[in-house]
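Chemist: Given the coordinates of chain A, work out where chain B should sit on it, guided by the hints.
There are 2 protein chains.
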Amino acid sequence: MTQVKPGSTIGIMGGGQLGRMLALAAAKLGYRCHIFCPEANSPAFHVAHEVTVANYDDEAALTAFARAVDVATYEFENVPARTAEIVSRETLLRPGARALEVSQDRLHEKDFLTASGVKTAPYKAFESEDELHEAIKLIGRTAVAKTRRFGYDGKGQLMIKSRSDIDKVLDITKGAPAILEGFVNFDREISVVVARSASGDVAAFPVGENVHTNHILDTTDVPARVSEVVEAKAKVMATRIANALEYVGVMAVEMFVNDGAGEIVVNEIAPRVHNSGHWTIEGAETSQFEQHIRAICDLPLGPTAARGRVHMKNLLGKDILDFDKYLSDPKAHYHHYGKQDPRPGRKMGHVTWVNPDDE
Amino acid sequence: MTQVKPGSTIGIMGGGQLGRMLALAAAKLGYRCHIFCPEANSPAFHVAHEVTVANYDDEAALTAFARAVDVATYEFENVPARTAEIVSRETLLRPGARALEVSQDRLHEKDFLTASGVKTAPYKAFESEDELHEAIKLIGRTAVAKTRRFGYDGKGQLMIKSRSDIDKVLDITKGAPAILEGFVNFDREISVVVARSASGDVAAFPVGENVHTNHILDTTDVPARVSEVVEAKAKVMATRIANALEYVGVMAVEMFVNDGAGEIVVNEIAPRVHNSGHWTIEGAETSQFEQHIRAICDLPLGPTAARGRVHMKNLLGKDILDFDKYLSDPKAHYHHYGKQDPRPGRKMGHVTWVNPDDE
Chain A
1 MTQVKPGSTI
11 GIMGGGQLGR
21 MLALAAAKLG
31 YRCHIFCPEA
41 NSPAFHVAHE
51 VTVANYDDEA
61 ALTAFARAVD
71 VATYEFENVP
81 ARTAEIVSRE
91 TLLRPGARAL
101 EVSQDRLHEK
111 DFLTASGVKT
121 APYKAFESED
131 ELHEAIKLIG
141 RTAVAKTRRF
151 GYDGKGQLMI
161 KSRSDIDKVL
171 DITKGAPAIL
181 EGFVNFDREI
191 SVVVARSASG
201 DVAAFPVGEN
211 VHTNHILDTT
221 DVPARVSEVV
231 EAKAKVMATR
241 IANALEYVGV
251 MAVEMFVNDG
261 AGEIVVNEIA
271 PRVHNSGHWT
281 IEGAETSQFE
291 QHIRAICDLP
301 LGPTAARGRV
311 HMKNLLGKDI
321 LDFDKYLSDP
331 KAHYHHYGKQ
341 DPRPGRKMGH
351 VTWVNPDDE
Chain B
1 MTQVKPGSTI
11 GIMGGGQLGR
21 MLALAAAKLG
31 YRCHIFCPEA
41 NSPAFHVAHE
51 VTVANYDDEA
61 ALTAFARAVD
71 VATYEFENVP
81 ARTAEIVSRE
91 TLLRPGARAL
101 EVSQDRLHEK
111 DFLTASGVKT
121 APYKAFESED
131 ELHEAIKLIG
141 RTAVAKTRRF
151 GYDGKGQLMI
161 KSRSDIDKVL
171 DITKGAPAIL
181 EGFVNFDREI
191 SVVVARSASG
201 DVAAFPVGEN
211 VHTNHILDTT
221 DVPARVSEVV
231 EAKAKVMATR
241 IANALEYVGV
251 MAVEMFVNDG
261 AGEIVVNEIA
271 PRVHNSGHWT
281 IEGAETSQFE
291 QHIRAICDLP
301 LGPTAARGRV
311 HMKNLLGKDI
321 LDFDKYLSDP
331 KAHYHHYGKQ
341 DPRPGRKMGH
351 VTWVNPDDE
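So the protein sequences, as listed, match chains A and B. Heads up, the first sequence is in the numbering used here, so the first residue is 1 and it goes up one at a time. Heads up, the second sequence is in the numbering used here, so the first residue is 1 and it goes up one at a time.
This is chain A alone, in the form it adopts within the complex:
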């Protein structure tokens, strides 16, 4: 595979905090970053060598961007297929279009996971009211309806509890392709951040245990409170998924765990660095961001062991203003994404504690 040597230029589509932290990790290894993002004054622009402010359907801008970089990557999974195609004509795109295709559509994602031998919640696609009733017959009424495309942070989904919710579902999906997912009984949510390099080497980070509040990640803890068997099984599943996709880069696999049954169900995959991997910056031997750069540049992958017990907490909205508190705590690592407006619920930064209970 083509190695992209330190000193080369990496193109990143998306200028949010993930792009920013990718650019910082790339700089440590001597790479220059060129950020492509429609929004002026994006967080990643502050640490980039070059920026392009243009829309993802601007073919001329995309072509010029792709020609200016030695490899292109992205920080979000909703990169349009056409955008990916334009960029791949001119440069290496890692991860490739296949990862986007699978992760952008909940039905393709579930079909792919099932075909890879990985367990998911029971699911059935529907568009019309008739098909929804058929799906309910198959899955049962304790289920969640989700649009197939462009859902995130709980948007575009509704839990069905009673017969009257069926109308609400049809109101949300409006005949757009959707799926009905059976409800999964689980004790905890975990995620595995896994890297696969262009040469096919794979390395998974230790499993993180996530707590979501209002559908937004609140905290990640490492190690997760799961058995050694579950820990090992989760890593094997993530590795299998990365290999089946011939994936290049870092990806996150979100899973539900039923402790009693020792059962793991894959919820979704994110073909990018992920909020649930932020703990790796100080908490692991290699950060997920450096690992992604190593993987897409076909450098050797770094070691993934945790440096101890790690706790990561997102700072939303005005939480970011408590910097004096966090910077006074000798066990805390405070991260501020450089965003100016601390709107309620906006991801403004995070804090990571490594071995917080040690003396």
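No lab work stands behind these hints: they were computed from the structure. Here the structure is a predicted model, which is why all the values come from computation and not from measurement. Just to be clear, a hint being listed does not mean it is correct.
A pair counts as met if it fits within one copy or between any two copies, since identical chains are not told apart.
Listed below are the simulated PhoX-like cross-link pairs for lysine-lysine, each with C-alpha atoms no more than 25 Å apart in a straight line [claimed, not checked]: (1) LYS5 / LYS325; (2) LYS119 / LYS235; (3) LYS124 / LYS137; (4) LYS233 / LYS339; (5) LYS233 / LYS119; (6) LYS5 / LYS347; (7) LYS235 / LYS331; (8) LYS347 / LYS235; (9) LYS339 / LYS168; (10) LYS5 / LYS318; (11) LYS347 / LYS318; (12) LYS331 / LYS5; (13) LYS339 / LYS5; (14) LYS137 / LYS168; (15) LYS119 / LYS168; (16) LYS119 / LYS5.
Modeler: Just chain B now, with coordinates in the frame of chain A:
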């Protein structure tokens, strides 16, 4: 003192690797960096929000730069006094002009250190041949002659070994102010990187042991092979110097140690982050770069303990091309400064090993 909050803009004079690593550390805390440097395409430009390419005597450019930032700092001690004055008229300059004044002139530096109660090599200023002979009478002939200003990496200095070297000295100094330093018998070179915040809090990192090759730093090891008493004494001396200067920021104090006598002599001070502190990026609880940003922004200083035994090696010239070797080593942290031309002897990057002998 004035606190400069995360989200503000930091101005950095100098665009080399030190400015680059300062900018990376500042970004983690949410600051935007504006780099002022005469050379286009400087390493720090790749990770900066704004850059100004102008000379250090360009008053209009300096004034505009100073007005655009919330605090200004520098990565090199040869910032001209007039430059510092222009910048301080418009913004906070940290560290201040006093640190530059003392460190730019070897005679002022030695006088200041002596007045602070810190031991230095015996020294005597000279300009003419007569004064040189007088200095030799006082110091002895085993001595080093150095120009008072603008010496670095062994430039502008000559060791006197025989009578014939006296002519060579006069040839080098050409009547410019110089000093003669008595030769110091030492077993090892150490340095203390110390931070003092705008509020006057002081924190010293563990002592590093340095090996120079051809007057350029080759390696730093932590802990240094010195007694606990020497370790403590060295930190006290560095703290005393920082306090005496009412210093704000990170500074490095280079010292010579005579093991047998348990004696420490201060060689020189650098009013900036320093190559001998690069080990702190992965090897200490806080990096010297983040510590400098915390100090000049008047944030709480971070903890300074080492994470174990640490070895740092500079990568000069083509050493930087061995990235596959270093990235394959699970104990190595490879840093590439983004410079394109690996000229012999040029500082291109460094590698840090943390606890390299652990399993």
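Chemist: Next, verify each hint and record whether it holds.
Modeler: Each hint tested on the structure:
no., hint, result
1, LYS5 / LYS325, "between (40 Å within a copy, 13 Å between copies)"
2, LYS119 / LYS235, "within (14 Å within a copy, 58 Å between copies)"
3, LYS124 / LYS137, "within (10 Å within a copy, 96 Å between copies)"
4, LYS233 / LYS339, "neither (38 Å within a copy, 44 Å between copies)"
5, LYS233 / LYS119, "within (12 Å within a copy, 62 Å between copies)"
6, LYS5 / LYS347, "between (33 Å within a copy, 18 Å between copies)"
7, LYS235 / LYS331, "between (28 Å within a copy, 23 Å between copies)"
8, LYS347 / LYS235, "neither (28 Å within a copy, 40 Å between copies)"
9, LYS339 / LYS168, "neither (36 Å within a copy, 58 Å between copies)"
10, LYS5 / LYS318, "between (40 Å within a copy, 14 Å between copies)"
11, LYS347 / LYS318, "within (10 Å within a copy, 42 Å between copies)"
12, LYS331 / LYS5, "between (35 Å within a copy, 21 Å between copies)"
13, LYS339 / LYS5, "between (31 Å within a copy, 13 Å between copies)"
14, LYS137 / LYS168, "within (18 Å within a copy, 98 Å between copies)"
15, LYS119 / LYS168, "neither (29 Å within a copy, 81 Å between copies)"
16, LYS119 / LYS5, "neither (38 Å within a copy, 48 Å between copies)"
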